[in-house]
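Protein chains in written order, with numbering that gives the first Met the number 0: chain A, 0 to 304; chain B, 0 to 163.
One thing to keep in mind: the hints can contain errors.
[What the hints assert, rightly or not] Computed footprint of chain A on chain B, listed as stretches where at least three residues anywhere in the stretch have a Cβ under 8 Å from a Cβ of chain A:
(1) 67-76
(2) 94-102
(3) 112-121
By construction, these hints were calculated from the structure, which means they are not laboratory data.
Every value quoted in this text rests on a predicted model; they were computed, and no experiment measured them.
Beta carbons: idealized from backbone N, C-alpha and C, even for Gly.
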Amino acid sequence: MSLSTAEALTDALREEARRLLAEGTVAVVVGWEAGRFPNQTTPAFISDPEQAQRLVYGDYCVNTLAKYALGEKAAGKVAVCVRGCDSRGINRMIADNQLLRDEVYLLGLPCSGMKDPATGSLLMKCRTCTEHDAVTYDVLLGPATAAGHDGASADSSAGDSEHVSDEQRFTAVLGIEEMAPEKRRALFDAAFNKCIRCYACRKSCPCCTCRECFVDQLRAGWQGKQNNLAENRFYNITRVFHIGDRCIECGECERACPMGLPLMALNRKMVKDLKSLFNADDAGMTEENSAALGRYDLGDLEEFM
Amino acid sequence: MPVNEAPTASAATAATAATAATAFEPTILAFCCHWCTYSGADLAGLNRMSYPANVRVLRVPCSGRVNPQFVLTALNKGCDGVLVCGCHPGDCHYVSGNYFARRRLMAFKRLLEFTGLEPERFQVRWISGSEAGKFRDTVIEVCDQIRALGPYRSGVSDDVSLNG
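This is chain B alone, in the form it adopts within the complex (with noise of 0.2 Å):
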């Protein structure tokens, strides 16, 4: 299981230097819907489950809160990736919130890829409170993909590579 080992002493040496550029760690938000997904990371947590450390899980309200703006700054202020979980269709607890997000996340992730991002850089997905192995598998599964992919580069002024 890719768990974010600690490092130990040996490895802060001539380890790290020589793996250095290929030990990539992600870091990935994720926004979680207070009523069911940050429920089910916190029975996750409960139940001693571990995943990656690489997560850093944001609780917002309801998924309908996530503002596509949000998911564009977090790219730029250095977020690899991006994850949404709200409560599945039909158990918002503000009745209409997922389903507001799911129009508006879909067309949005569309306009992404449009535009050349990485489709698994932005995820959705609905998790319940009570799918603690759904979370955990989700960010085993997320944080894979994006270490395979690398750092994003969003192009910011020290990202030579872009600004021409």
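Just chain A, with the same shape it has in the complex (with noise of 0.2 Å):
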């Protein structure tokens, strides 16, 4: 977005903070302000009126929220700045008894994709994403990414940013399942090999919202407490295939992965073959849950007998 979108934005998202907390409507709002660093952002949380001019709104607001509201919502009613991402996460939430609509007041943003601080150029979760603008809000602070999108902010490697044809998004998968499956044990294998557990992918995750986590189930035991692949396979396939079925396909898993483990190859590939084997709906785009795991049709197909 050029830059006097993202300042007519950040004013606009200021103001409607500012009367939120003022009128008491919202005890918090969740939002994004400058970071130490230029082009670096953090997510913030605000409950004083005084303190809304902290909020920014521009190219690098890099984190998704949504996860964000569970932590506050004991405080009372919580303001979340959502773009498609968040707005998915958060009806994800309420899809999961998570959270109750009422329970969170969206200002839903236009987003053209965020850049990676480090390289100026747009996300690799921005690339992939089929919804820019919040599929669910409150109100909206400014005009769809459609009417305010405009050819500066246009990253060439974007493309044409508003349509992602599902061969765009499962490029990464396509290309994964043409490869012999020993380079595909290879592939994965090294990428396990890096993880070193910090459970990043599980705290970014709008699905991931278990009160006790199976990793944590000591006395259960199912994950080992040793570093090794055995035990790094069988929590990245658990994670997997807990979440596949709901994924919102936001990859904040894979930014927020510090060993840069392809996450959601992984995720993609749940929801590509959910999708093509009982036409599974995009997670997150309504409040219903759907999950397509949770269900089952007489007629679903059988690869084995």
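Put the two chains together into one complex; each comes in its own frame, and the hints tell you how they fit.
This is the structure:
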């Protein structure tokens, strides 16, 4: 987005946040504020109307905020800045009975994809994003991306960011599927070997909302404490399978991963299979829970007998 | 028929040492549904059918009880293959357990294969209580396939070839 668009949106966001807090409509506003370095932002939690001017919006608001609503809701109603990914995350948490729609106030923001602070090019998760603009909101603070989109911000690698086809979305998956099994094994073994099991992928994921995660159930002993390939594979495959049918494809897990694991390739493999096998809907588009593995159909395909 | 033959006294010495490298006997864990496949396996025994002793039968109430994590754990703990057997669709004692299992395990199998697991190492079959022959044939088939593949390397710490 252009500098003027970003400034206008920042002003509108600050004004709306100040008004909501001053009126007492919400207890806290979740947004972004400037970080220590240029082009860096960090999630901000504002509960004082005087502090609303700390909020910013621009090309580098890389965090998807949905999950933060859960931590803040104890204080009262939470206003959350939402783009496509954030709003789908909120919908997902409503569908999973983690959140009530009344507990959040959604400030819709247009988005033309966020940029990587390190390189200045469009973030990987935004290149394959199918929903840039909020799918649900209480107030929309700017024109939808289609109108607000200007040539200056269009990253050459983004192509037409308006419509990401399934082919673009599943490029990584299709590429890996074509590999020989040994190559796939080598690829994922190398990735899982790098994993340090910091669980940042779990922490950032709007679908990972179990009160007690299987990795923390020490007495049940699902997850061993060793950091080796077998345990890392166990963790990563289980994580994908737990969220696979509910994944909103926000890409936060992959962005949060300090070791650069191809987590979205795994997630999208599930999304792609469930879509082709069981005609699963894209998750988080509505507040309804339609997770494909939570239901069945008598006429389901069979690949074994 | 590739029945697990009892080792003879003569085979225990030099012959074993010579063939030890090639004679691999897989360990296969079979999750069998209590209402169908377990009865089918029982019937196979009653009928004196012989099948490889490589299979370890683990009774579960329903194929829907099989948590995909069981499969990963079995492979990590030294099994070379996992077989999940349940009632045919429509025959589930709990009405819908195997329908859920069908979706879940189909998606899971594809995910495992995506990460490079050989398809033969994780298989799902429907075997009813009267299909003793199918149980025997399935076990023989799976056992042959996995014997041909060789041992599964999960990459636990002593598996130096994969930790790097």
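Now the hints, each set against the structure:
{"no.": "1", "hint": "67-76", "in the structure": "holds (count 5)"}
{"no.": "2", "hint": "94-102", "in the structure": "holds (count 5)"}
{"no.": "3", "hint": "112-121", "in the structure": "holds (count 6)"}
Consistency with the previously given hints is maintained throughout, with no hint failing.
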